[in-house]
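A.B. asks: Those sequence lines, one after another, are chains A and B.
Residue numbers in the first sequence follow this note's numbering, run continuously in steps of one, and reach 474 at the last position.
Residue numbers in the second sequence follow this note's numbering, run continuously in steps of one, and reach 182 at the last position.
Keep in mind the hints are simulated off the structure, nothing from the lab.
Quantities reported herein were computed from a predicted structural model and do not represent experimental measurements.
Cβ atoms here follow ideal geometry from the backbone N, Cα and C, with glycine treated the same way.
One side of the interface only, derived from the structure: several residues of chain A facing chain B at Cβ under 8 Å: (1) R255; (2) S256; (3) G276; (4) I277; (5) E431.
The residues making up each chain are set out below.
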Amino acid sequence: MNLKLPLLTLILLALSWFTPASARLNIEITGGLEGGIPIAIVPFAPPDGAALPEDIAAIVTADLGRTGLFSTMPRDKMTQFPNNGKDIDFTHWRAQAMDNIVVGRILPDARQGAGGYQIEFQLFDSSRRSQLSGFSFQANNNTLRLVAHQISDIIYKQLTGVRGSFNTHISYIMAEDVITDKRLYRLAVADSDGFNEKIVLTSKHPLMSPAWSPNGKQLAYVSFEEGRSMIYLQELATGKRQLIASYPGINSAPRWSPDSKRLAMALSRDGNSEIYTLTLDSKKLERVTNSYAIDTEPDWHPSGKSLLFTSDRGGGPQIYTIGIDANGAAIGQPQRITFEGKYNARGTFSPDGNLIAFIHGRDNSYRVAVQDLQRGTMRILTKSYLDESPSFSANGIMLIYATEHNHRGVLSSVSVDGRASTRLNVTRGDVREPAWSPYLLPESQGN
Amino acid sequence: MVGCSSDPEVRDDEQAQMEAEAAARAEAERLARERQQAMSDAATVGSAAYAKKIEAMLSDPSSPLSNHVFYFPYDSAEVSSGDREIIGAHAEFLASHPEIMVTVEGHADERGTREYNLALGERRAMAVEMLLKVQGAADKQLQMVSFGEERPVALGNDEQAWSLNRRVELIYSGY
Chain A
28 MNLKLPLLTL ILLALSWFTP ASARLNIEIT GGLEGGIPIA IVPFAPPDGA
78 ALPEDIAAIV TADLGRTGLF STMPRDKMTQ FPNNGKDIDF THWRAQAMDN
128 IVVGRILPDA RQGAGGYQIE FQLFDSSRRS QLSGFSFQAN NNTLRLVAHQ
178 ISDIIYKQLT GVRGSFNTHI SYIMAEDVIT DKRLYRLAVA DSDGFNEKIV
228 LTSKHPLMSP AWSPNGKQLA YVSFEEGRSM IYLQELATGK RQLIASYPGI
278 NSAPRWSPDS KRLAMALSRD GNSEIYTLTL DSKKLERVTN SYAIDTEPDW
328 HPSGKSLLFT SDRGGGPQIY TIGIDANGAA IGQPQRITFE GKYNARGTFS
378 PDGNLIAFIH GRDNSYRVAV QDLQRGTMRI LTKSYLDESP SFSANGIMLI
428 YATEHNHRGV LSSVSVDGRA STRLNVTRGD VREPAWSPYL LPESQGN
Chain B
8 MVGCSSDPEV RDDEQAQMEA EAAARAEAER LARERQQAMS DAATVGSAAY
58 AKKIEAMLSD PSSPLSNHVF YFPYDSAEVS SGDREIIGAH AEFLASHPEI
108 MVTVEGHADE RGTREYNLAL GERRAMAVEM LLKVQGAADK QLQMVSFGEE
158 RPVALGNDEQ AWSLNRRVEL IYSGY
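Work the whole structure out from these sequences, hints included.
C.D. replies: Right under this line is the structure:
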């Protein structure tokens with residue numbers, strides 16, 4: 028590999044050589060952030076000089092860069108390439124203003140047989156010349172990206188104190204040829220950076236609103252396969268499907284309660300779109316709203332004790348909250364929580380419940396915004412025009428959302444402080460309705 | 008009654024009356040023909056010839072029935088007065104053909120959030136369905152579905168495309 032090429036080109040070349048055609052190309056829009064935590068992730072030494080199908084250091088660099096919190100050193104600026112702590116010349120790295128340095132190596136692992144590796148990394152503080160973290164993983168060609176994301180999670184936790192969310196998944200809908208008879212819709216799941224896409228369902232009829240179960244093992248979604256909107260649950264490991272809402276009218280916007288016992292949803296069975304909760308084991312339905320307005324797009328507070336939802340009872344869509352009791356029934360009256368502008372919809376709570384993200388419409392543009400629930404202050408995070416469906420990462424530091432770019436539907440991520448934004452390009456059709464999964468593994472090894 | 012008179016004024020009155028009676032007779036004959044036609048229609052419901060006849064009625068460019076897509080302003084479910092008249096013609100058609108069904112499909116343009124747009128499409132479909140009902144269509148003839156922004160007919164991030172997607176379509180079946 029020609030190390031003098033700019034980092035971005037390097038990543039593009041590496042990806043185009045080794046990744047299958049259906050994978051996403053991840054393009055960094057902002058990198059090398061001013062004021063971010065400086066970190067250099069040195070390319071990992073490959074086993075016996077052979078190139079691996081994945082560039083672990085590049086994946087970790089991209090992961091940390093997307094958060095907006097790090098200032099990652101471009102590979103083309105590196106002139107030393109240690110792969111072991113004992114080979115690090117700390118003076119050199121301090122001179123580069125690199126407070127943190129990550130080195131690593133990939134060794135063949137005979138115990139796993141052919142195609143097995145041992146991946147080791149170390150994170151050093153270059154001022155104190157001390158190791159902050161170091162781990163070793165077993166891997167094969169299929170789990171290299173997974174290990175890279177686990178390394179990112181460990182480094183992130185070590186340097187920020189917050190659990191990383193790189194080893195998580197996203198779910199989304201892909202649509203092709205929608206104005207023709209050849210229209211096709213797909214429900215997909217991928218790694219949090221858009222790689223390793225797996226198609227979970229293909230349909231000639233529209234699919235909408237994927238939502239993750241709290242244990243990350245099921246998706247709820249809306250399908251029009253019977254000619255109108257109905258809600259299904261699907262187990263990811265087996266593909267087993269279950270129809271759970273086919274009431275007259277609209278069945279849409281499913282959201283799992285944090286305790287997994289209920290789904291909130293929007294149904295128009297009683298004449299117009301209202302919020303309901305459905306208890307999964309008893310199939311008991313509780314009606315939560317009752318108004319002539321459209322009430323839709325519910326989302327659970329992480330405590331499970333309230334819902335937010337979109338309602339146009341005030342004339343145009345705004346976001347309201349309402350308390351929910353232990354039976355899934357409403358407590359009291361809805362309280363409006365958005366007051367700026369004429370259009371605020373599709374709210375979602377951050378994992379700690381302190382923020383909501385939503386779509387704020389103004390002057391014919393629809394943008395992702397966040398609002399601090401304590402202070403009531405709102406901040407618009409994007410400069411685009413047709414944003415939809417914001418979803419928080421499991422640790423609440425980033426949002427993934429859908430937007431239009433060059434007349435295509437694409438996914439983008441933005442850090443909650445608005446500092447970094449990344450677009451995931453697509454190879455075919457339009458992509459929309461992303462949902463970021465919960466943590467998939469219990470917290471361990473510092474991640 | 009044909010009368011004879013030499014007085015011009017009286018002759019004009021009689022003339023007018025003759026013409027009125029002739030017109031009334033012609034109208035009665037026309038209605039009788041139509042009734043007979045309807046009866047013979049009813050007798051052949053379900054046949055291929057019948058289906059062709061219905062299809063012809065629904066696609067006759069000079070008939071309001073050939074207009075089965077109705078458009079809406081942004082964020083509105085209000086039916087225009089011109090469209091109300093056309094929907095009235097559809098309602099009469101449904102009333103006189105009780106075995107025919109129609110699906111009222113509601114749609115929205117791409118702006119804003121998807122699930123809200125699903126409900127907005129339904130609001131538009133409900134407005135049209137209500138007009139059909141009050142003007143003679145029976146409940147059992149009517150089905151309603153909203154596709155929100157999921158089934159556009161025009162691509163493009165501009166008002167030209169958006170205005171074509173903010174619509175309600177009538178899809179006939181049962182013949």
